[in-house]
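**Q** As they're listed, the protein sequences go chains E and H. Counting from 419, one number per residue, gives the positions in the first sequence under the working numbering. Counting from 41, one number per residue, gives the positions in the second sequence under the working numbering.
Hints listed in this document are in silico derivations from the structure and should not be mistaken for laboratory results. Take these hints with a grain of salt, some might be off.
[Unchecked claim] Here are some of the chain H residues that sit facing chain E, going by a computed Cβ distance under 8 Å: (1) I77; (2) A87; (3) V96; (4) N98; (5) S144.
Heads up, the beta-carbon is just placed ideally off N, CA and C, and yes, glycines get one too.
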Amino acid sequence: MDITEFYDTFFEEAGELLLEMETHLLELDLDAPDAEQLNAIFRAAHSIKGGAGTFGFEALQRTTHLLENLLDYTRRGELALRRDIVDIFLEAKDMLNDQLDAYRGGEEPDPEALERICQTLRQLALEELGEDADVGGGAVPEPAPREKQEKNAEPAPQPETASGRHCVALLDMVEKDRQLLVEELAQLGDVERQSGDDSRYEVILQSTVSAADIEAVMCFVAEPEQLQVSALPAAQAAPAATAEKAPPAKAGPPPAEAPAAKKKPAAAAKSGESTSIRVPVSKVDQIINLVGELIITQSMLNQQLESSGSDDGGKLANGLNLLARNARDLQEAVMSVRMVPMDYVFSRFPRLVRDLAGKLDKEVELVTEGKSTELDKGLTEKIIDPLTHLVRNSLDHGIESPERREAAGKSRSGCLTLSAQHQGGNILIEVADDGGGLNREKILARARENGLSAPDSMSDEEVWQLIFAPGFSTAEAVSDVSGRGVGMDVVKRNIQSMGGRVEILSQPGQGTTTRIVLPLTLAILDGMSIRVGTETFILPVTGVIESLQPQPDDLFPMAGGDLLLKVREDYLPLVATHSAMEVDGAETDPTRAIAVIVQGEGRRYALMVDELVGQQQVVVKNLETNYRKVPGVSAATILGDGSVALILDIAGLDRLGQSKKENPIFAAASPARSAQEIELT
Amino acid sequence: MSNAAKETVAEAGSREFLVFSLGDEEYAIDILKVQEIRGYENVTRIANAPEFIKGVANLRGIIVPIVDLRLKFRLEKVEYDEQTVVIVVNIEDRVVGIVVDRVSDVMTLEAEQIKPAPEFGVSLPLAYLDGLGNLDERMLVLVNIEKLLTSEEMALVEEVGE
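This is chain H alone, in the form it adopts within the complex:
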């Protein structure tokens, strides 16, 4: 990415993304949703919850659920090592931690670099994507983290009227 592009962050159409990797793929989420990044530790398991909900952790006195996106996206290799990090995101007044393999970069994408995404498969429906980001040779999957985490299948939020 050129320096000129970085300087025009404030311009309409360009957005900043936090890039992370799950397995061999690169994903990105809107940086404005990110509260902080921390290591994966001390997660208390919750019984009778879906597999991808690892449990809850203490974030300075707040109880925060931890979701492993690798399990959610059915990646084959799921390891917890020193590289494993938790991205703490803020969505709809809730705080949720998502486990990813590695956080790599903060990128600015112009509107023309964002392409509509084709249908992938069942694990990540189109509704949860903002599109695909083109960056030289790299391809970023732009995840709409808010839609994904509040979706019914994530079972993180109780549906209205329940």
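Looking at chain E on its own, in the form it has when it is part of the complex:
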């Protein structure tokens, strides 16, 4: 066993503690700070310091030490909180995050940044408290090396005693915590003897692990000063006895300060931990794949049974039905493992909004709704960037300055709402502000400047879609927050690549709402099977609007062989699937085929297919794992009979149809062509 094995655990836990610290800092009411919150912030800094000490992350330890001291003053009411102090604390928290990242990457954190933040913290202590001796100044560098020496001193005798007995002393610990720790210890080795009371409880452990490892295991439950681990060599107890005696003198005083307050949350955190495990996403994905296979195998069995027709009184069919139900339950259960609450995403925004509002001199209140709504973990990571962009836009362009708001008869402080809710198989995420709304005239004027076709007759909805065009911005001045016009098109593309879509609702003077509709997961897709010739393809249901049988009167031939289909008031281009996908023997007469009206990347068109087979959920399989990207195809899936069906890419198919017409000798196999295709996607 090696202490580095615990690094990952420490990084994860420290990361969570930092996040918790930030949340509390942001929620703090400066005029009447909640004592429990101040305590929580202090505890977080303290725990990180403890861990950093154990693992020898010196920069982290120094920074947390300074921060912790300041936090200690605030929680004792000796340092009154102000907005700028909270800013410094937040800055320190960011620095800790950077340091953590550096250590995670196996590097030493930037020493200049470390000096800078330490200086800032010392300065604060000096100005506010005038007690540089206690908090910063000369006293600071000392504790670090001293604690380091302590840590170094203990592992020293280990080589001889590594596989021996250890005396673990638990100081000032309530019974509940103690029991948890003893259980923890029992997993490391054999507990020979345990005795003592709340103030000092000794456990003799027979184990092959080293003292440092025992400490590392326990340091997230107990405070470092509550813990003493010393080796007890079976025969000669002399060196161990001295080692055992030395630490208590140093470790004695600190727990006396706030023993009760510290322990409760530690216990709570512990009980939460014991009911959950951390698993790499790749393992979950593997299970999801296997379950997908199980379902395919099950439907293959079903088809076999139907075609063979020999079933002894339906027993086999009953068994298969049961298998089908179990397999589907299993699939749902496994899929739910990948789901994480939207809180994971939303929790980043209070800080962003606070910082941005400060920078832009605006007053903004952030409201989040539906934090517990669950979304696929892979999607939550991808949604953060687009959402950040939308929030920036809302703050920069949407919400007006307090003066303008007052002049318009609104409250000085604007309101930004982030919400999430489930709707069918989709999740609906909205970014809503109560700002000035989009300016139709300005957008139209700008669109024309950019050479986009923008007739006055466009509906509001269509006008709002214009801002997703590349390079589009109506902001009068480019700020460092937003306004460069790179972005909205990226937002749209990102969301489309996740299989979702973006809508904008806006009322002049009332505000703007951007709505993102996303599928709950990328691993499973609601598909519509279509038949073209003898081949089966899958269309994503999200892109399908309706289907109809074209009448001869509704078809309008255009120059160049294009066909337009009149659907109520609209004329839509008719794309023949069989020509785009090179299928022989398909229906070529539109009036005998079926037109599926689809929408991809804002463009609507009609797709000509032979037959609609049915709707089913399909497991999405990447084509690029073993092959390459195929124009007009987004992925593949496996049908009930074990054969592969291609999932059509609605937007790509449209382009494919167009480019084929432009270039009759077009062959997708030529590298130049596919490069262009990929760039377009």
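Fit chain H to the given chain E structure using the hints.
**A** What follows is chain H alone, placed relative to chain E:
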């Protein structure tokens, strides 16, 4: 091949090859690249791909492209019958199936049995060959399947930077 030769597989210089036939010719590939051999069935065609890419098939949940080497090497007779098999090979973390007429043997070749190959023609450039194998009266074309399948002209792998 003598038994003695078979027993010295582990010796330096000797390599094992999977021998298959395309038309009347015998080819061989390094057996370490071969994952499995299966029948030719249920291949889904892919549009706008070169002719020799037959499509993709389901290999126990993995989508695998299927390449017909007979089309790639421009053989005249290309039939799909019960003898037609797919050799599933593993190259650079990818799984690819290659269609061949028949798999015949696993052979061990000593270093001195492997001769440099002369230039054949356009369908199989020298770069994709490990050499020619001499086996009594038989001649085996030793194909470097990894180089062949990852080559640009196979269009199986997207080029870097694309």
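**Q** Quick one: which hint numbers does this structure break? Sort them smallest to largest.
**A** 1, 5
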